[in-house]
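What follows is the residue order along each chain.
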Amino acid sequence: MKLFLTECRQTSKSMIYFVFIGVMLLFYFTQLSDFAGTDIAEVQNPSGYNSQNPLMKPPPDADNYGSVEAEIPEQVMPAALNQLLSEYANNEYTTYPVGFYKNVKLSQKQQEKVAAIVKDITGQRPEDLMNKQDKLPILITYESFKVKMAELDTMLGGGSNYEESRLQEYGNTPVTYEEKLAEYHNFIQVDQVTGAYARYFCDYMGIVISLFSVFVPVAFLIRDRKAGVKELLYSRKYSSAGFILARYFALVTMLLLPVLLLSLLPLTQLALYGSKHHITVDLWAFAKYILAWLLPTLMTTTAVAFVLTTLTDTPIAIAVQLFWSYTDILSGSSYIYGGHYGTQLAIRHNTLGNLQAMLDGLPALILNRSLYVLFSLLLVGVTIVLYELKRRGKLDVYGYFHQILRNRKSPIKADTMG
Amino acid sequence: MKPEIIIDHLSKNFGKREALRNVSLHIQPGMFGLLGRNGAGKTTLMRVLATLLHKSGGSVTVCGIPIEQSKEVRKLIGYLPQDFSIYPGMTVYAAMNYLGILSELPKAARKERITALLKRVNLEDCLNLKVKALSGGMKRRLGIAQAILHDPQILIVDEPTAGLDPEERIRFRDLLCEIAENRIVILSTHIVEDIEKTCQNIAVLDKGQIIYQGALQHFIGNERGLEEAYMKQMGGHQR
Ligand SMILES: Nc1ncnc2c1ncn2[C@@H]1O[C@H](COP(=O)(O)OP(=O)(O)OP(=O)(O)O)[C@@H](O)[C@H]1O
Ligand SMILES: [Mg+2]
Chain A
1 MKLFLTECRQ TSKSMIYFVF IGVMLLFYFT QLSDFAGTDI AEVQNPSGYN SQNPLMKPPP
61 DADNYGSVEA EIPEQVMPAA LNQLLSEYAN NEYTTYPVGF YKNVKLSQKQ QEKVAAIVKD
121 ITGQRPEDLM NKQDKLPILI TYESFKVKMA ELDTMLGGGS NYEESRLQEY GNTPVTYEEK
181 LAEYHNFIQV DQVTGAYARY FCDYMGIVIS LFSVFVPVAF LIRDRKAGVK ELLYSRKYSS
241 AGFILARYFA LVTMLLLPVL LLSLLPLTQL ALYGSKHHIT VDLWAFAKYI LAWLLPTLMT
301 TTAVAFVLTT LTDTPIAIAV QLFWSYTDIL SGSSYIYGGH YGTQLAIRHN TLGNLQAMLD
361 GLPALILNRS LYVLFSLLLV GVTIVLYELK RRGKLDVYGY FHQILRNRKS PIKADTMG
Chain B
1 MKPEIIIDHL SKNFGKREAL RNVSLHIQPG MFGLLGRNGA GKTTLMRVLA TLLHKSGGSV
61 TVCGIPIEQS KEVRKLIGYL PQDFSIYPGM TVYAAMNYLG ILSELPKAAR KERITALLKR
121 VNLEDCLNLK VKALSGGMKR RLGIAQAILH DPQILIVDEP TAGLDPEERI RFRDLLCEIA
181 ENRIVILSTH IVEDIEKTCQ NIAVLDKGQI IYQGALQHFI GNERGLEEAY MKQMGGHQR
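So the sequences go chain by chain: A and B. Quick note, the first sequence lines up with residues 1 to 418 if you use UniProt numbering. Quick note, the second sequence lines up with residues 1 to 239 if you use UniProt numbering.
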């Protein structure tokens, strides 16, 4: 416990920690600028109904309550076909086979097959359709269209824009007054106002943590090698497990702390709003979402930093984590409004609405988060073993490669040493 | 129990390179000098004793405890590495405190011992100075203070006098002698003079092997000084 607090204090003295906090604040004030505060201001000084503002109770006579994705064949078929025509023309098909972004290029023969599919649907070759984008002839039923799309998706290796579960993205339908009212009731009763804002907040903060948190633990751990202090530490009697756990949880705590503190800002705004308008506000919503959504992400990036930095004594974890987070965010970019969880490291929910999507995907979400927690604890376990091996002189990856490099640079010196 | 180290047919290989071969030593309380030129294997031997390297063969017991039980052995040993440094941005006190936590000293004991030890190594005025602001000699003294922070039975110091000016060197030697009163202090060096003035017992290491061990007086024998005896011995061994 003593060590935990000392390590927390050490973290708070590092430059890179404040850079991380700076990036977080920057994200908050640029990306979430029209957040709770703006919505509250708009409610208090309205210029008509805005369906984007969840604080506004929908009036029965508004012109527009927004729209949602819907699998409407008349919309889906032409839109999907247009997407296909443009991907076909460039021979660049975007797919996310296992959740990671992949750009598929087809062979001449496969391109011919795509053309055949287009012909089956429209009776014409893609080349002949290029100028008819707004009135594509569609000769088949929606059922057979779906079969064709499934065939195409298989050919592209799965996870393409023509996957069955994604076809609904090509259509949308206006939201009705009843639906909007039901959503508003959910917002007030289930989310108790703050829930919706907490998800939106965590969407952005998840990106910040996924991309940038790794720098802090790497810098913290690499200090031991840079300061030449390793042997001084190794020969003391503390246990490796206690040491690594204290450091790990100190870093996780220190990295989570600024997010928690920052969430007090919208929380306070919304709590004040709630008390003024006699609306019950869930004061714990931000804390709950931060712990359930962000903590597993943070535990994972920190664990990646721990295991790779302990193994190599180099900043390689930064490159690994940046690559992973970048592909993760790219692959999640078609599901930014929530509801699809799979293997996503950063949980997306880039909207104040869509509570239902989260509720529908809840089992997948819980599974996803639990697995990341288990995964990070596993990595921490591996870190403890690696650290113990290093301490006993049984593992020295950095020294090994350092030696090789040194010998290569000065072969003469290496000779005389032997 | 009297501190004691028994090393029996110890060997250590780095790949094909034999850094230590068949080393047997019996070390008793007092200053023990480990003499040998660059690359002789002094650091390797000390790191095995400090549980930082696993041996390739033979056996080592520290106060009756086999070296494999590293956690127990670490309680008994204080180590000052050859090239060491401490987090440069920390203050002297904070650094000692951190290392004290890792030695699992309780808070009160930490505070008391750190103040006492820093006084003993003449750093009592530097408590709040950053480590990077210390001179080479001061840093070395801080190194000793951290190595005996948990009051170990055995202190292992690897070439502690390298790079110190003559005056600092003498002061440092005296400090080690004081510490050695009821402990084992193992001191390695390739500077003969360091050992001549302070150690009762020595071992001479060359190419990973012990070529002499025993009383300093005996080693010097009829020669005028240790330096000469050393040169002679080494010369003989090389031929
Ligand atoms: N980690 C290592 N990997 C490979 N070889 C090593 C390693 N450490 C030491 N050696 C080799 O073992 C031999 C003994 O080295 P050691 O550092 O113990 O000598 P030393 O007596 O302390 O020398 P110095 O006076 O220069 O400090 C040398 O040949 C050295 O190159
Ligand atoms: Mg050495």
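Hints were generated in silico from the structure; no laboratory data involved. Model, not experiment: these values are computed from the prediction. A virtual CB, placed ideally from N, CA and C, is assigned to each residue, including glycine. Don't take every hint at face value.
What the hints assert, rightly or not - Straight-line Cα separation of at most 25 angstroms, PhoX-like style, residue types lysine-lysine; simulated pairs:
1. A:LYS230 with B:LYS2
2. A:LYS230 with B:LYS111
3. A:LYS13 with B:LYS2
Unchecked claim - Stretch-level coverage of chain A by chain B, calculated; a stretch enters the list once three of its residues show a Cβ under 8 angstroms from a Cβ in chain B:
4. 227-236
5. 389-402
Next pair to validate is LYS13 of chain A with LYS2 of chain B; report whether the Cα-Cα distance is within 25 angstroms.
Roughly 44 angstroms separates the two Cα atoms, so the pair is violated.
Fill in: Within 8 angstroms of chain B (C-beta), three or more residues of the stretch 227-236 of chain A
holds (count 9)
Per-stretch coverage check for the stretch 389-402 of chain A, three Cβ contacts closer than 8 angstroms to chain B | holds (count 4)
task = With a cut-off of 25 angstroms on the C-alpha distance, tell me whether LYS230 of chain A and LYS111 of chain B pass.
result = holds (23 angstroms)
Quick one, are LYS230 of chain A and LYS2 of chain B close enough, alpha carbons at most 25 angstroms? Roughly 30 angstroms separates the two Cα atoms, so the pair is violated.
Violated hints, in rising order: 1, 3; the structure is consistent with all others.
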